[in-house]
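Student: In my numbering, the protein residues as written are 115 to 254.
Since the hints were derived computationally from the structure, they do not count as laboratory data. Some clues are possibly wrong.
Said to hold, decoys possible - Calculated lysine-lysine pairs in the DSS-like style (CA-CA distance at most 30 Å, straight line):
#1 Lys228 - Lys116
#2 Lys154 - Lys127
#3 Lys228 - Lys147
#4 Lys132 - Lys228
#5 Lys228 - Lys127
#6 Lys132 - Lys186
#7 Lys147 - Lys127
#8 Lys228 - Lys186
#9 Lys147 - Lys174
#10 Lys116 - Lys186
#11 Lys214 - Lys147
#12 Lys154 - Lys116
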Amino acid sequence: MKITNELLLERLKHLENKQYASNTIENYFTDVKLFLEFIKSDLTVETVVSEDLTLLEIEKWKNVLGETMTPKTSIYYAIRPTLSQQTIQSKLTAIKSLLKYMNYFYDEGVDYRKIETKRIKSDYIECLTDDEYHTFFNFI
């Protein structure tokens with residue numbers, strides 16, 4: 115089965131029907147599109163098919179994400195050199211969600227239950243510095 119834009123849009127409609135937040139839907143779409151672009155590049159194919167969505171490819175993607183630099187626009191840019199585990203898990207959850215959808219509605223793709231994702235809770239509470247606090251309230 116080809117992984118087409120129509121399939122992705124159908125999946126997004128399904129998420130809307132389940133009343134997911136618009137930001138969640140947008141993030142899922144972006145994360146899945148990036149993963150599909152990675153597969154196209156890694157396998158040198160023009161169209162991704164469900165058979166391309168293997169655990170090995172997902173593991174490769176996870177490794178790529180682990181080495182991805184934190185974007186300069188991120189508030190964590192000065193704190194973390196690479197993407198956080200929370201971000202990586204979120205991106206993997208988007209892939210897992212697509213596979214769950216494909217498994218359920220089309221009986222296609224790798225079994226989504228084989229993809230390991232774990233909840234990661236942050237051990238600290240991030241607070242504003244004095245400068246950030248004053249900048250914020252002066253802005254208001």
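Student: Could you tell me which of the numbered hints above are not met by this structure, giving the numbers in increasing order?
Tutor: 6, 8, 10
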